[in-house]
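Line by line, the protein sequences give chains A and B.
Residue numbering for the first sequence follows the working numbering, starting at 1 and increasing by one per position.
Residue numbering for the second sequence follows the working numbering, starting at 1 and increasing by one per position.
Take the hints with a grain of salt, since some may be wrong.
[Unchecked claim] With a straight-line cut-off of 30 Å between C-alpha atoms, the simulated BS3-like cross-links for lysine-lysine are:
no., chain 1, residue 1, chain 2, residue 2
1, B, LYS100, A, LYS226
2, A, LYS334, A, LYS462
3, B, LYS100, A, LYS181
[To be verified] Stretches of chain B that chain A covers, calculated by requiring three or more beta carbons in the stretch to come under 8 Å of a beta carbon on chain A:
no., stretch
4, 29-37
5, 127-134
[Said to hold, decoys possible] Negatives, chain B to chain A, calculated, CB over 10 Å:
no., residue
6, ILE16
7, MET22
8, HIS68
9, PRO81
10, VAL93
11, TYR170
12, ASP171
13, ASN188
14, LYS217
15, ASN218
16, LEU220
17, ASN222
18, GLN243
19, SER249
20, ALA273
21, ARG278
In short, the hints are calculated from the structure, not lab data.
Virtual Cβ for every residue (Gly too), placed ideally from N, Cα, C.
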Amino acid sequence: MSDFLLELRCEEIPARMQAGARADLEKLFRAEMSAAGVALGEVTVWSTPRRLALIARDLPQATEAVSEEEKGPPEGAPDQAIEGFCRKNGVTRDQLELRDVKGRATYFAVRNIPGRAVKDVLADAIPAIIRAFPWPKSMRWGAASLSTESLRWVRPLSGIVALFDGEVVECEVGDVVSGRKTKGHRFHSHGEIEIAGADDYAQHLRVHHVIVDQSEREDIVRKGAKHVAHEAGLVLVEDEGLVVENAGLTEWPVPLLGRFDEAFLEVPPEVIQLTARTNQKYFICRTHDGKLANAFICTANVVPADGGLAIVDGNRKVLAARLSDARFFWQQDKKVPLAKQAEKLARITFHEKLGTVADKVERVAMLARWLVEEGIVTSCAPAKAGAQGDDAQPGSGPLPSQGLTKEELADLAEQAARLCKADLVTEMVGEFPELQGLMGGYYAREEGLSDAVADAIRDHYKPVGQGDEVPTAPVTVAVSLADKLDTLRSFFSIDEKPTGSKDPFALRRAALGIIRLIQANALRVSIGEGDLLDFFADRLKVQQREAGVRHDLIDAVFALGGEDDLVRLLARVHALQSFIGTEDGANLLAGYKRAANILKKEDWQGVEGEIARTGEEDPLAEVDDPDLKDVVAAKMELRRSKELSYTPEIAEKALIDALDTAGPRASTAIEAEDFEGAMAALASLRAPIDKFFDEVTVNDEQPEKRSSRLDLLARFRAAVHKVADFSKIEG
Amino acid sequence: MILALHNYWSAQGCLILQPYDMRMGAGTFHPATTLRALGPEPWNAAFVQPSRRPTDGRYGENPNRLQHYYQYQVILKPSPPDLQELYLKSLEVIGIDPLKHDIRFVEDDWESPTLGAWGLGWEVWCDGMEVTQFTYFQQMGGFDCKPVAGELTYGLERLAMYIQGVDNVYDLAFNGRGVTYGDVFLENEKQMSKWNFEVADTEALFDLFRKAVAECKNCLANDVPIAAYEQAIEASHIFNLLQARGVISVQERASYMGQVRDLARGSCEAYMAKETERWEAKFPGWSA
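Just chain A, same shape as in the assembly (with noise of 0.2 Å):
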C-alpha cells in the first residue's frame, strides 16, 4: 500500500477560510478518487497561512481492471439496432460476443477497462481539484492574468509538492509544476526544503518552523496564553474564536503578554475587551478578583530574538492608540445627555416608508407605556401558570422596579423606550455598532438614571440569538416588547414580509424575540392577526420544534382560529401533546378521525353545518362567530330536545350521555384556562365512542336512525374541536 502528500502553498489564505479549505480539500479529493476507482484509507488534511495540506494512506498502486458487459439486441435483429447498439457502447461490430440467453443467441458488448497507475490518476486529479476548488473569494494575478481565463485561487498560488510513495507525480496547473520542494517559516527559514514523502513531511517542516497541524497550533495558543496570563499572575479570559483565529494567522504561534495603561480602564470593560479582540485580536485577562486587568495576549509568528520585547512594545502602542481613541469617545459621549442624543435621532432614516428613527421611538415609547397601563406588563414576577420559567434569566434577588405602582412603571417604560435608542448617535456606537444598547446603559449610568432605565437600554434588544438571556426585569421587558412589536407590525403594514431566505428586517428574529420574552414572562398580549399571526404561528412552529413540541400539535390549535394569545396557546398545546401521548389520548384520536371520516364520507355537516353554511372554506368558521351564537345555541337546543322517535341501543345512549356531560365540562375548563381538565373531559370519551362503534351501526336502514346517528357523531367531532381541532394531528 502507498501514501499519497498534496502540499498546495499559495500566499497567506484568510484564517477565517481555512477551516473550510480543508474540508473542501478532502471532499473534492475524495470524489476525485472514488470517480477513478481508487480505494482510500485515512485522509488527514492540515492548513496553515501559506499552504493547504493533505495526506492519504494506503491507496494501491493501481485501480483494478473493471469489465463491463451490456446486453444487446439478438441475433438477426435489424442492423440498425445492432449498430446503434456498438456506437452506444463504443465497440466495433466485430467486437461483439454471442451469447445464448434462454436459447436465444443474444449480442453483448465487453468492454474491458485496463487498471490504471493511482500515480496518473493524481497527476489528473490535482489539476482537476484546484481547478475546482469553491473559495469563497478568489483572484487571478501575475502575467497570466493578461486574460480572465487565467486560474483562480484565493491568493497566488505558489507551490505543489506531490509525492506518491516518495515519487513526484508530475502535473502542472496554470505556470505552477508540481515537485518536491516547498518553503519553510518566512522568516525563520530560508530557501527551498525538499520533502521526501508523507512519512517524513510534519517533521521536516517543524525543523523550519512550521507545525503544519493547526490544531497542534490551536493548542500551543490555547496553553500558551492561559501560561502567560498565569505568569502574570492573571486569569486568562478564555476565546475559541480566538484561539482558531490566531492558529489560522500562524506557523509558529507564540503567545506574548504585554500592558498597558491603566488609566485606560475607566473605559467600561467591553469596550477594552471589544478593540483588543476585533482590532486587534489579542486576549484579555482579568484579575483574580474578576475585574478586567491592564494586560493583553498577542501571538507573533515569530520566536523574537529579543525575547519579545520589541513585539509587545510595538503591540502595546498600537492598543494604546486604540484606547485612546475609544477613551477620547467615552469622555465626549458622556457629556452629551442621553436625551440631547435622542433629538438627533430625527436626522436618521429608520425605512423610507416608516419615517425616522425618531419616529419609531416616539411609537415604542407610547407602545411601551400602553403595556403597561394595560396590565400586559406588570411590576410583579411572571406569577401565571404555565410560564416557561427555564428561558428566563437566573434569577438574582429583587428586581428593581418591585413594588412600583403601575403608573410609575409606565412611566419609567416610557422613559426607557425614549432613551433606548439614543446611543445609536454616539461617537463610541458610530465605531463600535456591537456595543448599542450596552453603551447608552452605561452612558444612562453616568448621567444618574435610575437603575432599571439603564437595564432597559442596555438590555432591550435581547434576545437576540438561541441562546441569549431573556429579560425579565418589568421596565426592559416593556421596551424591548414594544421594540420588536412595533418592527415587525411597521414592516408587515408597508408589505415587507420575510420572504424565502431573506429576511433583510431580521423580522423572524423579531417574532422569536418577542416569542421567547412572552413565554420567559408568561405575558398575556395579543400579538397580532391576519398575516402577522401566521407569521407568529411559523416562527413558533419552529421555535418549538426544538423544545420537541410537535408541529401539528400547534397546527391543532391555531386551526381553530381566534387565538392571538401565547401562553393560553402553549398551554393548550402542552396538555394537548401530553394528552396524545397516553392511551386514552391516542384512542380517542383514533375514533375522532373515523368519527371524521363517516361524516365526510355522508358529507354531513350536522347542526352546525346547517347554520354556517356560509360559503367560508371552512364550514365551522363561523361557528364561533358571536353574532351566530346565540341561533347555534338555539338550533342545537331544538334538536337535542328532540325526542329520539326509537329506542337508543346501550352504547348509543351511553355517548349521548358522555357529551352531555362532558361537552360542557370541557368548555368549562377551557373558559378557566385549565387545559389538562379539558384533556380529561375529553378523554371521559374515549370508551363511549369505542364501545359506539363497535356495538351501533350508524348506517342504518332506517333514515331516522342513521341520522340521529350521524348527528351524534358530528356531535362528538364538535366536542373534540372545542378543545384542538383533531384533523390537523397527525398519525
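Fit chain B to the known structure of chain A by using the hints.
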C-alpha cells in the same frame, strides 16, 4: 526613509514619480495608479502622495490620526510572482528586522465603490500595527484588470514612528537636527481640522461639487478623459469635506457617492475607449 524606498524600488525597475498636485483621499486616486491599472501595458511606478481625509482630523490631539498624511505608493503591473518577498525586503531596507518584529499578512480586501474598483490582499501588520495595504487589483473603473496589478501603500508616518520608536506622530524627528513633525504640521492639523469641521463655507462647497460634476461631463463630452478624471478626484474630495461638515444626510449620502462613482467610472471608461484600439493592436488577443 522616502529616499531609501525610492532607491530600492527604482532598483526594482520602478519609475519614480512625483505627488499629484491635487487634493485626494488616497494614493490610489493618483492617475498613475487608477488609470495606469487599466489596459495591458506593463507599468511599474513608485511615488509619495499626500492624502487628505477631512473626517480623520483630530485637531492635533490624537497621537496617530491626521487629516493630512503621506502615503508611499508602489504599483507593479503585472504583479510579479515574488511581490511579497520584494515588499519584505523593502521593510528591511528601511530598518525593520523581521526576526525582531512580528510581520503578518492579515486578510483585508480592498474595495473602492467610488472608483468601481476592488482587489484582494492584506493589511500588513508590524507588531500589530497596520503599516501597509497590499492589494492585487481585480477590477478598476468597473473593468477587469488584464493583467492584474499589485499595489502597495505604505503609511509613512506610522512606519517612521515605528522606526524611531515614538508614540506620538508629532514627536517624529523630521531632520535629525531638532525639527519635529509637530513643528512642521501640528498647527496645520489644528487649523485644517477647524476648517474641515467648522469653518468651510458649505454653500461654496456644494457649488464646487456641482461645478466639478459639470466640468467632468464637459471633459467627457470633449474626449479628454484624463482631465475628466481630475474633476472626479476634485468632486470626491469636496464630497469628503461636505461629509466632515456634517451637512449631507444619510439618504443624500448614497446619491452623492453615486454621482462621484459615475464620474470616476465614466472617466475610466472614456480612458479605456480612447486607448483600446492601440492596446488591441499592440497586444494581440487582448480585449477590454
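Query raised in the report: What hints, given by number in increasing order, does this structure fail?
Result: 4, 9 and 19
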